[in-house]
Amino acid sequence: MLPFFTDAFANAASEEHAAGRRARDAVEEARGEVAALIDAEPREIVFTSGATEANNLAIKGYARAQAMGDQRKRILTASTEHSCVLESVKSLCSEGFSPIVLPVSSTGLLDPDVVEAALATPTLLVSVMGANNEIGVLQDLAMLAALATRHGAAFHSDLAQLAGKLPVSVRETGLTMASLSAHKMYGPKGIGALYIRRRPRTRLAPLLSGGAQERGLRAGTAPVPLIVGFGVAARLARRSMTTEARRLTALRERLHRGLRAAIPGLSVNGSVDSRLPGNLNITFPDRPAASMLAACPRLCISSGAACSVAELSPSHVLRAIGLGDDACRRSLRIGIGRLNSADDVDQAIAMLIAAHEAPGAQSSLPLRQRPLAATGA
Amino acid sequence: MICSAIEHDAIRAAVENPLVVPVDGDGVIRLNVLETMLNRSGPALVCLMLANNETGVVQPVAEAAQLCLSAGAWLHVDAAQAVGRLPIDLKALGATSLAFSSHKSGGPPGVGGLLVDESMIVEPQIRGGGQELGRRGGTPNLAGIAGLAAALAAEDVDYAVRLTGLRDRVAVAATQFGAEVCGAGATRLPNTVCLALAGVRADLQVIMLDQMGFAVSAGAACSSGKISPSHVLQAMGFGTRASEAIRVSLPWNTDPVDIDTFIAAYQHMIERVRS
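So the sequences go chain by chain: A and B.
Numbering follows the working numbering, in which position 63 of the first sequence is assigned residue number 63; successive positions increment by one, without gaps.
Numbering follows the working numbering, in which position 235 of the second sequence is assigned residue number 235; successive positions increment by one, without gaps.
Since the hints were derived computationally from the structure, they do not count as laboratory data.
All values reported here derive from a predicted model rather than from experimental measurement.
All C-beta atoms, glycine included, are put in the ideal place defined by N, C-alpha and C.
There may be inaccurate statements among the hints.
Going by beta-carbon spacing under 7 Å, a handful of chain A positions derived as facing chain B [what the hints assert, rightly or not]:
(1) 17
(2) 18
(3) 19
(4) 49
(5) 87
(6) 91
(7) 189
(8) 190
(9) 207
(10) 226
Whenever a hint applies, use it, and build me the whole structure from the sequences.
The following block contains the structure:
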């Protein structure tokens with residue numbers, strides 16, 4: 001990635017000269033790596049600035065492209081989706097579409113009967129994330145995609161949290177579109193991709209006007225170094241994710257066991273069985289998360305989505321699975337990642353237990369958001 | 001919307017059927033036409049570039065801003081080519097909003113910025129987690145932003161003088177070999193020169209120069225792949241000769257020897273096609 005910042009900085013669209021071709025080749029190699037990660041074809045991958053843009057492009061782009069020839073205006077999504085999906089879906093209201101936000105069960109999973117009932121009314125598009133960013137819950141995408149397909153709706157999934165963490169095949173799952181983020185799989189920030197199925201052809205209207213880059217779907221000079229970094233991250237993730245998933249699951253169980261043994265009444269948010277290996281979202285019986293975090297300065301964990309830092313409001317995801325405002329304030333998301341060891345987890349357990357037992361740890365401060373990421377200093 | 005005939009595709013494709021302000025033979029927008037359009041259209045969004053990406057011709061944006069101001073129109077300025085290459089005084093420019101790009105200013109690709117009045121944006125293009133004051137969702141491209149800031153902060157005191165000198169050496173030599181400098185009569189960016197060579201297709205020139213180790217382009221890179229004559233040169237009245245011009249851009253670290261080598265390569269190219 002670094003040489004493409006400094007020496008090989010040519011425009012990947014300038015195919016007429018050697019430097020441009022080198023940049024283009026690097027971009028195409030990365031496209032192949034990203035495609036391979038999710039079992040897609042390289043030409044089904046469109047690079048974007050990240051999963052947020054990919055989600056916006058998928059939802060608005062698909063809806064707008066169908067707007068002319070299709071009577072269906074209904075778009076289904078789930079209440080636990082990332083805010084960029086919820087916002088994109090809701091923003092289409094003003095263009096004549098009907099967004100429907102489906103509730104989830106207390107495990108965070110969509111109930112197939114609820115989805116089936118919602119699909120009884122002709123629906124254009126269903127957008128459901130693969131793994132939740134706060135509670136790590138894995139939706140049954142294959143089942144949901146099959147339901148959507150049976151009812152003639154397109155199916156989009158925000159795979160930002162899932163891709164690179166667990167194996168996923170867009171083909172076998174039956175996805176029409178899928179959003180990816182590089183920095184969620186240890187690639188650089190500022191780059192992501194949208195998978196757009198080619199057969200049968202999926203038509204999208206671009207969000208941005210400009211040059212004909214990315215087959216006319218995403219204008220703007222390609223950020224070659226970021227794309228190259230994304231490709232390498234995808235390759236490394238593809239090679240290591242199966243063993244890494246096993247390792248992280250063991251670490252997460254270790255963390256859960258350690259905390260549960262010392263803190264009676266600690267509960268886990270979201271399905272315990274169907275969740276990302278490295279995610280644990282817990283509610284403490286009596287301590288606000290903010291005071292726990294303040295007492296553990298060496299821990300880099302967050303009480304909600306980093307993205308909603310400006311809001312300081314209780315997590316919409318935790319509320320969607322039935323937690324009250326007070327329980328939301330006592331909740332913490334802990335992410336365990338590639339750089340974390342069993343020793344990190346043991347230290348985290350010790351710090352959190354100490355913080356929990358410390359006298360006067362009560363605090364009435366509002367939720368204080370911290371940078372995303374993993375336990376350990 | 002009103003835009004000029006030489007805007008980038010990003011502007012030209014943003015709105016259907018805009019009113020188009022023509023340019024003169026040097027590629028400078030015709031302010032009197034803009035004035036007439038503003039008088040007829042009333043309040044409008046006017047989009048003008050500060051410097052053209054193909055010819056480097058600098059536009060009379062401050063004067064256009066005065067016209068917009070008196071007509072109650074908003075002026076958006078595409079300064080992608082100009083930021084980092086020309087001194088820009090936002091107040092004196094009089095723009096309502098101004099867009100710029102990192103990789104045109106010496107920073108990494110994949111990041112840019114929009115200077116905009118607090119009150120202006122009503123509808124974000126990309127919605128998400130409330131980043132950038134709610135105007136643009138998505139985790140910020142941290143490395144890109146830091147690189148952009150570093151590029152803008154880097155001081156290169158004699159950039160304009162140095163690059164203009166090198167650019168003009170290319171222009172003078174190319175003219176001696178029979179080429180025409182597009183927009184020769186206008187103020188141009190220090191680093192860009194657009195050379196039209198009668199009777200020699202631009203794509204052939206690009207290939208021959210590529211073989212000699214020079215990366216030049218025919219028109220905008222953004223439209224590479226589609227072979228159509230430059231809309232910028234056509235607007236300047238080049239007609240069929242719009243397909244015979246190449247754009248030569250000099251990076252900040254170009255040295256005089258690079259210019260000697262380029263001039264020799266350009267001459268060699270002409271000798272080969274003429275023989």
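Taking the hints in turn, this is what the structure says about them:
Below 7 Å, beta-carbon pairs count as interface contacts, and residue 17 of chain A has one with chain B at about 4 Å; its hint therefore holds. Taken as an interface hint, residue 18 of chain A checks out: its beta carbon lies about 6 Å from the nearest beta carbon of chain B, inside 7 Å. At a threshold of 7 Å, the smallest CB-CB gap from residue 19 of chain A to chain B is about 5 Å, leaving the interface hint in force. At its closest, the beta carbon of residue 49 of chain A sits 6 Å from a beta carbon of chain B; the interface hint therefore holds under the 7 Å criterion.
Of the supplied interface hints, the one on residue 87 of chain A holds, with its beta-carbon coming within about 4 Å of a beta-carbon of chain B, less than 7 Å. Taking 7 Å as the C-beta cut-off, the interface hint given for residue 91 of chain A holds, the closest approach to chain B being about 6 Å. The interface hint given for residue 189 of chain A holds, since its Cβ lies 5 Å from the closest Cβ of chain B, which is under the 7 Å cut-off. With its C-beta approaching chain B no nearer than about 2 Å, residue 190 of chain A sits inside the 7 Å limit, and its interface hint holds.
With its C-beta approaching chain B no nearer than about 6 Å, residue 207 of chain A sits inside the 7 Å limit, and its interface hint holds. Against a cut-off of 7 Å between C-beta atoms, the interface hint on residue 226 of chain A holds, since the closest Cβ of chain B lies about 5 Å away.
In summary, this structure violates none of the numbered hints.
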